[in-house]
Each structure stands twice: as structure tokens, then as C-alpha cells.
Amino acid sequence: MRSWWQGTRLVAERGLLENVRSTTFKVVTGLLLLMSIAAVTVPQIIGNESTTYTLATNGKAPADVVAALNAAGKSAKFTVKYVSREDAEAVRQAVRNGDANAGLAGDTLYTEERGGGTFPVVVAQAVVSLETSRLLAQAGLSQQQVAALQSVRPPKQVTVGRVTDEGRAGVGFAVGIVLYLALTFGGTAIATAVAMEKSTRISEVLLAILRPSQVLVGTVAAVGTVTLVQLLVLAAPLAVAVQVTDNIGLPPVAAGDIGLAVAWFVLGFVLYAFVFAASAALVDKITEVNTAILPVTMGLVIGYMLAITVVMADPGGGWSVAVSMFPFTAPLAMPIRWAAGEVPIYQLPLAMALTATTGVLLVSVASSIYRRALLITGHRVKLREVLGGRATS
Amino acid sequence: MGLEIREIKHSFGDLVALDGVSFSAVPGVITGLLGPNGAGKTTLLRIMLGVLSPDSGSVRYDGRSVDDEDRRRWGYMPQERGLWPGMPAGDQVVHFGRLHGLSRSDATRRAKALLEELGLAERWKDRTDKLSGGMQQRLQLATSLVHDPEVIVLDEPFSGLDPVAVVSLSETLRQRARIGCTVLFSSHQLDLVQDLCEDIAMVDRGRTVLLGSVARLRASSGRRQLRLHVEPSNRDWLSAYPRVTVVSDQADDLRLEVPDGVDPLDVLDAARAGGRVDDFGLDLPTLSQLFLAAADRPLDQTVVS
Numbered sequence: 004m005r006s007w008w009q010g011t012r013l014v015a016e017r018g019l020l021e022n023v024r025s026t027t028f029k030v031v032t033g034l035l036l037l038m039s040i041a042a043v044t045v046p047q048i049i050g051n052e053s054t055t056y057t058l059a060t061n062g063k064a065p066a067d068v069v070a071a072l073n074a075a076g077k078s079a080k081f082t083v084k085y086v087s088r089e090d091a092e093a094v095r096q097a098v099r100n101g102d103a104n105a106g107l108a109g110d111t112l113y114t115e116e117r118g119g120g121t122f123p124v125v126v127a128q129a130v131v132s133l134e135t136s137r138l139l140a141q142a143g144l145s146q147q148q149v150a151a152l153q154s155v156r157p158p159k160q161v162t163v164g165r166v167t168d169e170g171r172a173g174v175g176f177a178v179g180i181v182l183y184l185a186l187t188f189g190g191t192a193i194a195t196a197v198a199m200e201k202s203t204r205i206s207e208v209l210l211a212i213l214r215p216s217q218v219l220v221g222t223v224a225a226v227g228t229v230t231l232v233q234l235l236v237l238a239a240p241l242a243v244a245v246q247v248t249d250n251i252g253l254p255p256v257a258a259g260d261i262g263l264a265v266a267w268f269v270l271g272f273v274l275y276a277f278v279f280a281a282s283a284a285l286v287d288k289i290t291e292v293n294t295a296i297l298p299v300t301m302g303l304v305i306g307y308m309l310a311i312t313v314v315m316a317d318p319g320g321g322w323s324v325a326v327s328m329f330p331f332t333a334p335l336a337m338p339i340r341w342a343a344g345e346v347p348i349y350q351l352p353l354a355m356a357l358t359a360t361t362g363v364l365l366v367s368v369a370s371s372i373y374r375r376a377l378l379i380t381g382h383r384v385k386l387r388e389v390l391g392g393r394a395t396s
Numbered sequence: 009m010g011l012e013i014r015e016i017k018h019s020f021g022d023l024v025a026l027d028g029v030s031f032s033a034v035p036g037v038i039t040g041l042l043g044p045n046g047a048g049k050t051t052l053l054r055i056m057l058g059v060l061s062p063d064s065g066s067v068r069y070d071g072r073s074v075d076d077e078d079r080r081r082w083g084y085m086p087q088e089r090g091l092w093p094g095m096p097a098g099d100q101v102v103h104f105g106r107l108h109g110l111s112r113s114d115a116t117r118r119a120k121a122l123l124e125e126l127g128l129a130e131r132w133k134d135r136t137d138k139l140s141g142g143m144q145q146r147l148q149l150a151t152s153l154v155h156d157p158e159v160i161v162l163d164e165p166f167s168g169l170d171p172v173a174v175v176s177l178s179e180t181l182r183q184r185a186r187i188g189c190t191v192l193f194s195s196h197q198l199d200l201v202q203d204l205c206e207d208i209a210m211v212d213r214g215r216t217v218l219l220g221s222v223a224r225l226r227a228s229s230g231r232r233q234l235r236l237h238v239e240p241s242n243r244d245w246l247s248a249y250p251r252v253t254v255v256s257d258q259a260d261d262l263r264l265e266v267p268d269g270v271d272p273l274d275v276l277d278a279a280r281a282g283g284r285v286d287d288f289g290l291d292l293p294t295l296s297q298l299f300l301a302a303a304d305r306p307l308d309q310t311v312v313s
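Chains as they are written, first to last, in our numbering: chain S, 4 to 396; chain D, 9 to 313.
In short, the hints are calculated from the structure, not lab data.
A few of these clues could be false.
[Said to hold, decoys possible] Restraint-style ranges between C-beta atoms, simulated for each label pair:
1) S:Ala239 <-> D:Glu179: 49 to 59 angstroms
2) D:Ala223 <-> S:Ser25: 51 to 61 angstroms
3) S:Thr380 <-> D:Ala129: 29 to 39 angstroms
4) D:Tyr249 <-> S:Thr380: 52 to 62 angstroms
5) D:Asp75 <-> S:Thr380: 19 to 29 angstroms
6) D:Asp75 <-> S:Lys29: 37 to 47 angstroms
7) S:Arg24 <-> D:Ala129: 19 to 29 angstroms
[Unchecked claim] Think about it this way: if two alpha-carbon atoms lie no more than 25 angstroms apart in a straight line, the pair counts; the simulated PhoX-like pairs of lysine-lysine are:
8) S:Lys385 <-> S:Lys288
9) S:Lys63 <-> S:Lys84
10) S:Lys288 <-> D:Lys138
11) S:Lys29 <-> D:Lys138
12) D:Lys133 <-> S:Lys29
13) S:Lys63 <-> S:Lys77
14) D:Lys120 <-> D:Lys138
We put the CB at the ideal spot given by N, CA and C, even for glycine.
Construct the entire structure; sequences and hints are all you get.
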């Protein structure tokens with residue numbers, strides 16, 4: 004006897020193949036991959052780019068200053084270009100005209116009004132260091148002693164992200180947007196698939212062979228897998244990069260947040276996918292699909308708006324707790340609240356369990372609507388037509 | 009034995025779609041479920057296939073109630089195309105074969121043989137929406153036959169087909185019946201399919217109005233018509249047959265209804281005695297005529313088995 008899963012697997016397999024073979028899938032996935040790689044590599048390329056500063060000097064730049072600045076440049080990733088001027092006034096003019104970032108003439112250091120960053124400070128430090136060394140040597144210290152003094156370095160600076168820092172809240176915000184878009188796009192894809200199968204009467208043939216729940220779960224699994232793959236394509240390089248390097252501009256806790264977002268996507272998708280599918284079964288023509296799913300997309304928009312307004316404003320407040328626990332808003336609100344670091348640990352599995360249970364319950368309701376609505380053609384089906392009638396097994 | 013429909017009733021709200029329809033379809037015979045649009049044919053087929061549940065009544069096969077597993081072995085072709093537009097033709101047939109329980113290799117082998125038989129072998133890799141309407145119809149047929157079903161159910165298969173396609177589809181169905189399949193199809197084009205059906209169940213407004221063998225129904229209807237091309241237009245010889253009625257008399261063409269008990273050959277002899285007969289023929293009533301006559305009568309007066 005053929006099992007329920009076998010038929011469902013065949014429906015999912017066909018849907019998956021059709022999606023993966025489509026040009027849309029290839030283009031969108033390629034773009035997502037590019038976006039993700041760019042998000043990882045561009046900041047590094049920009050961060051690693053060597054900066055060149057120009058120093059104007061009165062006459063040829065002193066060799067010890069050049070040596071000191073070149074050494075500093077090696078460790079701080081900058082290079083220095085030297086331009087010589089005839090006198091102090093010419094040095095000043097060079098800085099004023101923008102030909103140099105700083106100018107050194109005697110005991111005067113000319114700096115730009117704006118910009119230049121830390122370069123003038125580095126030059127000043129080099130000059131002070133050289134003068135100090137000279138005075139120390141004059142005072143009778145040996146060359147080794149002077150070198151030892153010069154090798155003193157300030158403590159290494161390590162940036163530590165706080166749990167509730169702004170960077171992590173930003174990750175939560177980004178996760179919220181991506182989840183909202185993924186649920187909307189995935190849900191629309193499911194609705195389109197269902198409406199297409201109804202309008203081309205494929206559903207009728209399928210229902211003569213399979214149970215409605217098999218067709219429904221198979222279709223949702225196919226589109227869900229495709230959307231999940233695309234989400235992973237977007238998220239995986241970022242999550243890996245966060246783990247292996249601390250230099251991509253994301254706080255170190257973000258990898259966990261991204262992983263959790265993927266889990267929430269699966270839950271949110273299961274929940275909303277069946278509602279999208281049941282709504283799409285009400286259409287008569289495929290062109291009506293957007294109107295049919297409008298109530299569902301509106302629900303998602305409201306959920307998202309609540310998530311970014313209520314939860315981001317006060318992650319620990321009572322409303323935030325409610326929004327992040329309610330199954331239809333939890334997939335959007337909980338990841339944002341979690342990223343804000345305000346979730347007691349028990350609430351996360353509880354919200355996940357509530358969402359998953361609601362999703363499973365929705366399968367039977369959606370299957371019933373789906374089966375009844377699919378056989379009513381010639382006009383757009385009203386919900387009461389399929390909810391009020393007899394059960395059709 | 010075979011397929012048995014027993015007292016099926018079904019309503020959509022207040023609208024009674026089926027009001028106790030019963031008939032049977034036996035293996036090796038092509039059975040037509042006939043009736044005008046809105047008679048309840050599609051609803052009945054959907055109930056047989058388990059897509060809809062009846063309010064009451066049962067569908068039986070080989071003497072027992074059918075279940076989902078039985079239905080998996082049946083083939084169904086819906087009234088409108090049920091194919092994925094972007095899927096290659098061959099893949100489509102293989103997929104349906106697998107849905108019906110075939111292995112991938114068996115489904116592929118069967119699909120290739122079937123598309124060859126239906127003249128679509130060259131279009132294996134073509135997208136379905138690139139095929140003509142007639143080709144899509146044949147592809148749809150292939151998806152319903154790929155698993156060698158014992159029972160083949162087709163909803164309005166001849167609707168929209170050109171005469172060549174009608175002949176081709178008819179031959180395919182006859183071939184399946186010859187090898188022992190139970191073939192049941194619905195149609196509202198009664199006269200188009202009267203030569204194909206061996207048995208019919210005629211429904212109207214959710215009720216069975218005519219049931220049985222087409223040949224017997226037509227022969228025993230008492231509505232035989234004698235067609236004569238006779239000249240001159242002397243009709244005096246007709247007075248010897250008071251039970252024979254004139255259906256039409258235009259120029260030299262005379263059409264007479266010959267009731268049971270009157271031998272049409274005697275009438276022909278009388279006509280020849282009255283004048284020269286250039287052409288003649290005995291027409292049995294068409295299914296349309298039988299339907300019109302039967303639609304207002306209770307079933308028990310018209311059943312011929």
C-alpha cells in the first residue's frame with residue numbers, strides 16, 4: 004500500500020524540480036548569492052584598502068621621520084608620500100591647497116581644517132618620539148635602552164559588543180525584514196502555484212489520485228524548500244563569516260541570531276503557507292490570486308509593523324511579549340525581540356511550540372477549504388461557500 | 009461485476025444535482041453516461057472518483073465498495089485539460105504514472121509506448137503549452153492510461169475535438185475495451201457518440217431516464233422511420249396503413265414513422281406499387297430523439313436491458 008508520504012513526496016519532488024529549473028529561481032538565487040558575498044567581502048575590501056597620506060616638509064623629509072612614519076604605516080596600513088617645499092610658507096600653502104594632508108616645517112605641524120583623520124597625530128607622535136629618543140641619548144642612555152623605551156606599545160584594543168548594543172538590534176531589524184520578505188514571496192509563490200493548478204484543472208486530476216492534504220503539503224514543501232534554500236544562500240556566507248572573522252561589521256552574537264532566524268522562517272512558513280494556499284484555492288482565474296491573498300498579506304504586514312514598532316521600542320514590555328508569543332506574529336516579532344536580548348529563555352521554545360502547533364492545526368482546516376474550493380469553478384469562491392457546507396471527507 | 013452505481017444522491021445546498029442515479033458499466037464494454045449540460049454527469053463522475061462524497065448511495069466495483077486504493081488504479085480524464093503548462097510532455101506522463109504507483113522506470117517505459125501509440129513520441133521533450141489543442145488532448149489521455157487502468161473514466165472527452173480526433177479517440181477507447189477495460193465516458197453530444205457506446209445511462213435533471221444497450225433501445229423504441237424518395241406525389245397507397253404516420257412530406261421525400269406490428273417492407277412494397285421508388289432507408293431513432301422522448305417519462309417505462 005502506498006503511503007501518504009510517498010504521494011506527498013512525488014508532489015513535492017515535481018514542484019521542486021519545476022521551481023529549480025525555472026529562470027526566475029536561477030536569477031533570484033544568483034542575485035541573493037551575490038548580495039551575500041558582497042555583504043561579506045565589500046567591507047573587508049574597503050577595510051583593507053591602504054590609505055595614502057601626503058606629508059609636506061621644508062626641504063627633504065628627515066630620514067628618521069620617514070623611517071618612523073613608514074614603520075607606523077606598516078602596522079596601521081597606510082603609506083606616506085612626501086613632498087618637499089622650499090620654505091615654511093610653501094609647506095603651509097601645500098596643506099591649505101590640499102596638496103598634502105599635513106606639513107612639517109621646523110617645530111610647526113600644519114594640518115587641514117577638516118579631514119586628515121589621525122595622520123597629523125601620528126606625525127606629531129613620530130616627531131615627539133624622535134626628539135624624546137634624542138634627548139634620552141643625550142642624557143646618557145644607550146641605544147638599546149632607547150630602543151627598549153620606544154618599543155613600548157599601548158594595550159591592544161578589543162571591541163566587545165554588549166548584549167543590547169545597537170549593532171545587534173540592527174541585526175534583529177534586518178532579520179525581521181528578511182523574514183517578512185521571505186514569507187511574503189514564499190507565500191505568494193505557493194498561492195500562484197495553487198491558483199495555477201486550479202485554473203488549469205490539474206487539481207481535479209490530482210484529487211482523483213491523491214488526498215487534498217498530500218497535494219497541499221507537497222506543494223508547500225516544494226516552495227518552502229526553494230525559499231529556504233534561497234534564504235540559506237543569503238544567510239550562510241554571513242553566518243560563516245561572522246564565525247571565522249570579526250572584521251565584517253557584524254557583532255559576534257549575530258551568527259546565533261541568523262541561525263534562529265532560519266528556524267523561525269521554517270515555522271512562520273509552515274504557519275502562513277497553508278493560509279496562502281487555502282486563500283488561493285478560492286480564485287477562479289490566476290489573475291485573481293493577488294486579491295485573494297490580500298487578507299493574508301495584510302496580516303503579515305500588520306504582524307511586521309507590530310514587530311518593528313512595539314517590539315523595537317520596548318522589547319521587554321507586555322505588548323512585546325504578547326506579540327512575540329502570538330503564533331501569527333511570533334515568527335516576525337520573536338527574532339527581533341530575541342536580538343534585543345530581552346527574552347527569558349523559556350519564552351523562545353514556548354513561542355516556537357505554539358507556532359508549530361497552530362501550523363499543524365491549520366493543515367486540516369486549509370485542506371478542507373482547499374478541497375471544497377477547488378471544485379467550484381466559474382466564479383470566485385466566497386469563504387462561507389466552503390465553510391458552511393458539508394464535509395467532503 | 010464491473011462498476012456499479014447505486015442510488016447516488018447529492019445536493020449543493022438547495023440544488024439537487026443527483027437524485028438517486030443507478031447504473032452499471034461492465035468490463036469490455038464502452039458505456040456512455042449521456043445527458044444535456046447540467047444533468048449531473050460531472051458531479052456523478054467526481055463522486056465515482058472520490059473527489060466528491062455523495063449524500064447517499066454507493067459506488068461498487070467487482071461487488072464491493074471502492075476505496076482510495078481501487079481508485080488509484082483507475083484512469084481519469086477531466087472535461088478540461090489538467091496538465092502543467094511548463095512541464096515537458098514526457099515528464100508529465102511519467103509523473104502521473106508514478107502518482108498511480110508505478111516505479112520511475114516502469115512509468116518511463118509505459119509513457120514512451122503510449123506517446124508512440126498516440127503519435128506524440130517526437131514531442132517527448134516539448135513543453136506542454138507548446139503543443140496544439142489536439143495534441144494536449146492526446147497527452148491528457150496518455151496521463152490517464154499510463155498505468156494500464158482497469159477502469160477508464162472520461163468526462164466529455166469529445167468536446168471540442170475535430171472529426172479526425174474523434175475517430176482517433178474512439179479507436180483508442182475501443183482498443184482498451186477490447187482488452188477488457190471498463191470504459192465509461194460522459195457526453196452531451198448524444199448523436200456524436202451513439203455509434204461508439206454499446207451501453208448507455210442517460211441522465212436528466214439528476215435522474216436516470218434511459219438505461220441499457222444502445223442497439224436494443226433504438227430497435228425496440230417503436231420509433232422506426234422509413235425514408236422514401238418516391239414519385240409521383242401520389243399518396244393514396246398510404247391509406248392502407250392507418251397506424252403509419254407521416255413525419256415529413258416535402259417534394260418527393262417522404263418520411264414515415266412505422267410502429268411495432270407493421271412490417272416496414274410491406275409499406276415499401278405498397279409505395280413501389282404506387283409509383284417509382286428511387287431511394288429508401290430504414291432509420292432507427294437517434295439517441296437525441298430517444299432522450300427527448302424519454303426525458304419526461306419515468307424510468308420504469310423506458311428501461312430496456
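Structure-based check of each hint:
In this structure the hint that Ala239 (chain S) and Glu179 (chain D) lie 49 to 59 angstroms apart at CB holds, the actual value being about 57 angstroms. For the pair Ala223 (chain D) and Ser25 (chain S), the beta carbons lie near 53 angstroms from each other, so the given range of 51 to 61 angstroms is met. For Thr380 (chain S) and Ala129 (chain D), the Cβ-Cβ distance of about 33 angstroms falls inside the hinted range of 29 to 39 angstroms, so the restraint holds. The supplied range of 52 to 62 angstroms is met by Tyr249 (chain D) and Thr380 (chain S), whose beta-carbon atoms lie about 53 angstroms from each other.
A hinted range of 19 to 29 angstroms holds for the C-beta pair Asp75 (chain D) and Thr380 (chain S), which are about 27 angstroms apart. Between Asp75 (chain D) and Lys29 (chain S) the beta carbons are some 43 angstroms apart, a value that agrees with the proposed interval 37 to 47 angstroms. Separated by about 22 angstroms at the C-beta atoms, Arg24 (chain S) and Ala129 (chain D) satisfy the suggested range of 19 to 29 angstroms. The hinted pair formed by Lys385 (chain S) and Lys288 (chain S) meets the criterion: a straight-line CA distance of about 14 angstroms does not exceed 25 angstroms.
With a CA separation close to 12 angstroms, the supplied pair Lys63 (chain S) and Lys84 (chain S) stays within the 25 angstroms bound. Annotation: proposed proximity of Lys288 (chain S) to Lys138 (chain D) holds, straight-line Cα distance about 21 angstroms (limit 25 angstroms). At most 25 angstroms may separate the alpha-carbon atoms for a hinted pair to count; Lys29 (chain S) and Lys138 (chain D) meet this at roughly 22 angstroms. Between Lys133 (chain D) and Lys29 (chain S), the direct Cα distance comes to roughly 21 angstroms. Compliance with the 25 angstroms bound is thereby established for this hinted pair.
Using a Cα cut-off of 25 angstroms, the hinted pair Lys63 (chain S) and Lys77 (chain S) holds, with the two alpha carbons roughly 22 angstroms apart. Simply put, Lys120 (chain D) and Lys138 (chain D) have alpha-carbon atoms about 19 angstroms apart, close enough for the 25 angstroms limit, and the pair holds.
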